[in-house]
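Number of protein chains: 2
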Amino acid sequence: MALIVQKYGGTSMGSAERIRNVARRVARWKAQGHQLVVVVSAMSGETNRLIALAKDVSPQPDARELDVMVSTGEQVTIALLAMALKDIGIDARSYTGGQVKVLTDSTHTKARILHIDDANMRRDLDRGTVVIVAGFQGVDENGNITTLGRGGSDTSGVALAAALGADECQIYTDVDGVYTTDPRIVPEARKLERVTFEEMLEMASLGSKVLQIRSVEFAGKYKVKLRVLSSLEEEGQETSGTLITFEEDKNMEQPIISGIAFNRDEAKLTVLGVPDRPGIAYQILGPIAENNIDVDMIIQNVGHDGTTDFSFTVNRGDFARTKKLLEEQIQPHVGARAIEGDSKICKVSAVGVGMRSHPGVASKMFRTLAEEGINIQMISTSEIKISVVVDEKYLELAVRVLHRAFGLDQA
Amino acid sequence: MALIVQKYGGTSMGSAERIRNVARRVARWKAQGHQLVVVVSAMSGETNRLIALAKDVSPQPDARELDVMVSTGEQVTIALLAMALKDIGIDARSYTGGQVKVLTDSTHTKARILHIDDANMRRDLDRGTVVIVAGFQGVDENGNITTLGRGGSDTSGVALAAALGADECQIYTDVDGVYTTDPRIVPEARKLERVTFEEMLEMASLGSKVLQIRSVEFAGKYKVKLRVLSSLEEEGQETSGTLITFEEDKNMEQPIISGIAFNRDEAKLTVLGVPDRPGIAYQILGPIAENNIDVDMIIQNVGHDGTTDFSFTVNRGDFARTKKLLEEQIQPHVGARAIEGDSKICKVSAVGVGMRSHPGVASKMFRTLAEEGINIQMISTSEIKISVVVDEKYLELAVRVLHRAFGLDQA
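Protein chains in written order, with this note's numbering: chain A, 1 to 411; chain B, 1001 to 1411.
Be a bit skeptical, because a hint or two may be false.
[Unchecked claim] For lysine to any residue, the following SDA-like pairs were computed, each having C-alpha atoms within a straight-line distance of at most 20 Å:
(1) A/K55 to B/R1020
(2) B/K1086 to A/L53
(3) A/K86 to B/R1064
(4) B/K1086 to A/Q60
(5) B/K1324 to B/G1306
(6) A/K55 to B/E1046
(7) A/K55 to B/K1225
(8) B/K1086 to A/P59
(9) A/K86 to B/N1144
(10) A/K55 to B/N1021
Derived from the structure by calculation, the hints contain no laboratory data. From a predicted model like this one, the values you see are computed outputs, not experimental measurements.
Start from the sequences, fold in the hints, and give me the full structure.
This is the structure we're talking about:
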């Protein structure tokens, strides 16, 4: 008998029929003798509907009140799933974040979980009751309702698994696992049986939208065994998804590269001819951060003649605003020669813990791209990832040839 | 400076624009220096939408879970109203039933309020904050969410006013007060400046749908000054509605009759020739009550020849079921001669505390109806009410002539 936390997203809770499907799936796990805590999101579209309603009343809704309102989405689905379970003879009980209670700080709309009280849930689990918890929400020390920010239900699931010492946290989604790359671009992409947390973090931040990155960090921190599964598979056809492990499997031959990630939603900016002196990076990026613009890659090469070029990438939606900021405020301030920008770029990355012990991954990657005539505009590396920025038009080609070059299309 | 509890129904909260209207109204009261607690219902239609969704998932939804779900309707509107108030510079704070907290028993979907903790609300009021409370809901001693049953927001308003010792509880609705009768039937009907609780109870139970009867009982029990007002009146055009007083105004000439109430939603049944012996009423009405059929008027006249006739009225929707029950189970059991029934009747009542001290009201009522050729089928009286059952087709005529006969069309 294991204690399992399952998390179902908005698509899985999207209609009465789907909710009954989830209930049947939960019942099958229960029938195998497991204890179950089920974390659910709001019905798909509901959170957006509520936010739109709030904005209809108030252009900039008060954050505390927005949380009161938006948290109702999950309050509806916990009740519906509990009803559906009782209907098929499974004892179940719903809990709001406040009823659990999931204690958070008071940062409304993006609160952080501080502590989870497991007493009520344990009592129910010991009685054989399925515990259903509203994802995405908590309460602060004064009883104010808080929410964890978009995608926070994954984090709720992992945090509950950590608090309960669950044997596994299963994230049900509309894909059946983590792939070596996007199968829409490379049909030969394979599902990974397992992937390490570090790889998953790099994949997630690079645009593999399977899991919310914060939940992966959380799982790594508390050593929660995380599994991504499909909620769409029929009874008897279920696969075991992808297990996200918090240590490398010592018994297995580690693949050098686990996957090719990419992101076409970026734009690059370069500040040309900035004085090569201490503090220049901060003088450029400080104002960017103050304007709430997220910066991804940052590259500065060795300078010459006392100046250097400084490049970085931002979300494409922030491109125009960032360029204006650079031209009007930063260029005169730091005394740069010129500002250049390009929003028609993309980032392609090879990710794998195996590259730690295998030199030559970078050169293989660069050679593969060169053979296809793809010019590399920027390069950035971490311990387990090599990212390049190339012209947007080469995205599919680059992903495809790298996927093949690193043997990811072979089992 | 007064402490005022205002309650707004689902129509008043029905759209973003209406919610902003309510906010402006609250702001005007606040500007007069009053402390305000505002109780709100869910947006009109929302509770029904949620119940339909629940029934879509589960034919007979679990009552505890239904409360978890349905209570979200008011959780949305408290947040929206708080946002709207903040937008116009009024400090406001929303509270769910659990956050107040409104302690109830554990009878899900029709819980009764046991106690209201006023500490949080007092703290906010002392700071000049407008307190916004979700109507219709509470929590039991184990923290389970409960609801008070349909129309429970009126009860929430009155209960909060009682707990806070408010100077007045204002119920905003889509009519501007209590009328001497339905203006759709008698255009000369006048709005009453004040009406006693007893009269209001008789009016409410007779079909004046202005206030939920439970809230009126509650107000009478705790001596809460209750006022019915229109939420549709424009700024500067507001009237003072109808004040529901818990004692007769000694300084005023009391009108004999305050209003003519009516109900066309009834049906009458008669058990003919039942043995005139003790316990017979219980033998007839016991099975009716066991089948959850509400009985309104009950009439039994003196018998003769050892038998009597026993009549009562029920909701028209229960007529067929009640008749079947009488014929198949009760008639053979009590040894009655026959069962008669008529679903084409209506009840017309004259209500007024003044009739206590003014004999002759009944005879005036009967004479007025006789002059119009309206046959009276049943008569029932209380201390402040005389009700008659007449053929449905005479409803409008009876109401009109009685309204005139008792001088209600004159200020």
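Okay, the hints, checked on the actual structure:
| no. | hint | result |
| --- | --- | --- |
| 1 | A/K55 to B/R1020 | holds, 12 Å |
| 2 | B/K1086 to A/L53 | holds, 16 Å |
| 3 | A/K86 to B/R1064 | holds, 11 Å |
| 4 | B/K1086 to A/Q60 | holds, 10 Å |
| 5 | B/K1324 to B/G1306 | violated, 26 Å |
| 6 | A/K55 to B/E1046 | holds, 18 Å |
| 7 | A/K55 to B/K1225 | violated, 36 Å |
| 8 | B/K1086 to A/P59 | holds, 11 Å |
| 9 | A/K86 to B/N1144 | holds, 17 Å |
| 10 | A/K55 to B/N1021 | holds, 16 Å |
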